[in-house]
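Trainee: If you want the building blocks of each chain, they are given just below.
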Amino acid sequence: GENVEQHPSTLSVQEGDSAVIKCTYSDSASNYFPWYKQELGKRPQLIIDIRSNVGEKKDQRIAVTLNKTAKHFSLHITETQPEDSAVYFCAASKGHQLIWGAGTKLIIKP
Amino acid sequence: SQTIHQWPATLVQPVGSPLSLECTVEGTSNPNLYWYRQAAGRGLQLLFYSVGIGQISSEVPQNLSASRPQDRQFILSSKKLLLSDSGFYLCAWSRGDPYGYTFGSGTRLTVV
Chain A
1 GENVEQHPST LSVQEGDSAV IKCTYSDSAS NYFPWYKQEL GKRPQLIIDI RSNVGEKKDQ
61 RIAVTLNKTA KHFSLHITET QPEDSAVYFC AASKGHQLIW GAGTKLIIKP
Chain B
1 SQTIHQWPAT LVQPVGSPLS LECTVEGTSN PNLYWYRQAA GRGLQLLFYS VGIGQISSEV
61 PQNLSASRPQ DRQFILSSKK LLLSDSGFYL CAWSRGDPYG YTFGSGTRLT VV
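Order-wise, the sequence lines are chains A and B. Using the working numbering, read the first sequence as starting at 1 and increasing by one per residue. Using the working numbering, read the second sequence as starting at 1 and increasing by one per residue.
Simulated from the structure, these hints should not be mistaken for laboratory data. Here the structure is a predicted model, which is why all the values come from computation and not from measurement. For each residue, glycine too, the CB sits at the ideal point set by N, CA and C. Fair warning: there could be bad hints in the mix.
[As the list claims (entries may be wrong)] Under 10 Å between C-beta atoms, here's a sample of chain B residues computed to sit facing chain A:
hint	residue
1	Q2
2	R42
3	L44
4	Y49
5	I53
6	R72
7	T110
[Stated by the list, open to error] Label-pair restraints from in silico Cβ distances:
hint	chain 1	residue 1	chain 2	residue 2	range
8	B	P69	A	Q14	50 to 58 Å
9	A	K105	B	R108	47 to 55 Å
10	B	T28	A	Q14	39 to 47 Å
11	A	K109	B	Q45	45 to 53 Å
12	B	P18	A	G41	21 to 29 Å
13	B	G43	A	K58	21 to 29 Å
Build out the structure end to end from the sequences listed, making use of the hints.
Mentor: What follows is the structure, encoded as structure tokens:
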């Protein structure tokens, strides 16, 4: 079955610097890869997603890249701001289900 | 537009008491519905999912159960709560295969 590994578990970056979170998946049949942001005490919210027919997608300061051959995808956040502090989850599709990474706690240092 | 409602937001229950959490979706039909639990500082654990009325799949054996009495209603229940049932319970819906999930606002359950 599908397995998703996410690294690092904690990432601390200086405000204004870039942050990169990486995920690998095991099932080559997976074709949908969303990223969610969860602020403390809140629900996870979709911030960006990518399908397997696309290699990169951008939305303002965030971007996702997908390497199907290597079966890994990454979240890139540029010009980080204090409000980017949160836990980020990646996921890969398994039919209608999403298989989740363990999460990355992103800390933005002032 | 579609919305998902989940209640209550917070619940404190004694060990051995019953539980009923409700989730409803508006603005769509035949959604896929999911119940997740999240322990403090941890990831998302899928408990149950449903692809149609009366169709429930369980991912984790435990003292919880789920039901889908109507197309857009999903209920999580327990007859007798355990301390280990404490956590943040999230309902989610999706259009299907494959698509992102939209989560409800969650219920923070503390079993005392």
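Trainee: Now tell me if each hint is right for this structure.
Mentor: Results for each hint:
For Q2 (chain B), the suggested interface contact is broken, since its CB lies about 13 Å from the closest CB of chain A, more than 10 Å. For the restraint placing R42 (chain B) at the interface with chain A, the shortest Cβ-Cβ distance is roughly 8 Å, inside the 10 Å limit, so the hint holds. Look at L44 (chain B): its Cβ gets to within about 5 Å of chain A, closer than 10 Å, so that hint holds up. Contact between Y49 (chain B) and chain A, as hinted, is supported at the beta carbon level, the nearest pair being about 7 Å apart and thus within 10 Å.
For I53 (chain B), the interface hint is violated, the least distance from its beta-carbon to any beta-carbon of chain A being 16 Å, above 10 Å. Nearest Cβ of chain A to the Cβ of R72 (chain B): about 17 Å, over the 10 Å cut. The hint is violated. A distance limit of 10 Å between C-beta atoms decides the matter here; for T110 (chain B) the minimum to chain A is near 14 Å, and the interface restraint is violated. Against the hinted window of 50 to 58 Å, the Cβ-Cβ separation of P69 (chain B) and Q14 (chain A) comes to about 52 Å, which satisfies the hint.
The beta-carbon spacing between K105 (chain A) and R108 (chain B), approximately 19 Å, falls outside the hinted interval of 47 to 55 Å. Checked against the hint of 39 to 47 Å, the pair T28 (chain B) and Q14 (chain A) passes, with Cβ atoms roughly 42 Å apart. In this structure the hint that K109 (chain A) and Q45 (chain B) lie 45 to 53 Å apart at CB is violated, the actual value being about 30 Å. Roughly 26 Å separates the CB atoms of P18 (chain B) and G41 (chain A), a value that falls within the hinted 21 to 29 Å.
Between G43 (chain B) and K58 (chain A) the beta carbon distance is about 27 Å. The supplied range of 21 to 29 Å therefore holds.
Hint violations for this structure: numbers 1, 5, 6, 7, 9 and 11, all remaining hints satisfied.
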